[in-house]
Amino acid sequence: MAVDDHALMRSGIASVIDAEPDMRLVAEASTGLEAVARFRQHQPDVTLMDLRMRDMDGIEAMTAIRREFPQARIVILTTFPGDFQAVRAMKAGACGYLLKGLMRTELIETIRGVHAGQLMVPAVIEAAIAEHAGSRTLSLRETQVLRLVALGHANKEVAESLSLTEETVKVHMRTILGKLSAKDRTHAVTIALKRGIIEL
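Residue numbering for the sequence shown follows the numbering used here, starting at 216 and increasing by one per position.
Any given hint might turn out to be false.
Cβ-Cβ distance ranges computed for the label pairs, FRET-style [as the list claims (entries may be wrong)]: (1) Glu235 with Glu382: 56 to 62 Å; (2) Glu375 with Ala234: 52 to 58 Å; (3) Glu346 with Ala234: 33 to 39 Å; (4) Lys398 with Phe284: 42 to 48 Å; (5) Asp399 with Leu223: 38 to 44 Å; (6) Thr320 with Gln256: 30 to 36 Å; (7) Thr383 with Arg239: 28 to 34 Å; (8) Ser396 with Arg356: 18 to 24 Å.
Source of the hints: derived by calculation from the structure; they are not laboratory data.
Predicted model, so just to flag it, every value in this text is computed and none were measured.
Backbone N, C-alpha and C fix where the C-beta goes; we use that ideal spot for every residue, glycine too.
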């Protein structure tokens, strides 16, 4: 099954799969909610799930599917090469993680590997995960603070937006800099964007 909110991406996946004599695309979905319903109906051997969708993201949809079907084999598709979302996906039970830019060369190999019970993760993602293996994760509040900083808000504006004191925001920023090993606010934002912790 192919799940992506872009029809062109689903069409591309279908054409690659249809070229394989032993594979068949049994279902498509354009939203996370639709993916859950289609999975119940078709119970595909392998599901390719876009990470970013409107109603619920791919990890939320995968979690909902695996709640009912614990053996579901799901590959998360993304354009983000950072380690943060990959780790999140693996913790939620993804069997594979594939960058959309590598689909032309690695899609079929990934599907076959996941179907055979292997965990399929591109080398570039494995390297990013290994590089940040000892890093501490930002809390939800720290992520909210950093997202607002990334949008150009000063500490006072961040404090007002999150109903915090300005001093509390400063404390959060010091913690964020430490956790990300960042030199300053701009460096922290750059690191967080690269790793997929936040997006704009």
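Hint check results:
1. Glu235 with Glu382: 56 to 62 Å: With Cβ atoms ~59 Å apart, the hint holds.
2. Glu375 with Ala234: 52 to 58 Å: holds (55 Å)
3. Glu346 with Ala234: 33 to 39 Å: At 36 Å between Cβs, range holds.
4. Lys398 with Phe284: 42 to 48 Å: holds (46 Å)
5. Asp399 with Leu223: 38 to 44 Å: holds (40 Å)
6. Thr320 with Gln256: 30 to 36 Å: Taking Cβ atoms as reference, threonine 320 and glutamine 256 lie about 31 Å apart, which means the hint holds.
7. Thr383 with Arg239: 28 to 34 Å: violated (55 Å)
8. Ser396 with Arg356: 18 to 24 Å: holds (20 Å)
Of the numbered hints listed earlier, the single one contradicted by the structure is hint 7.
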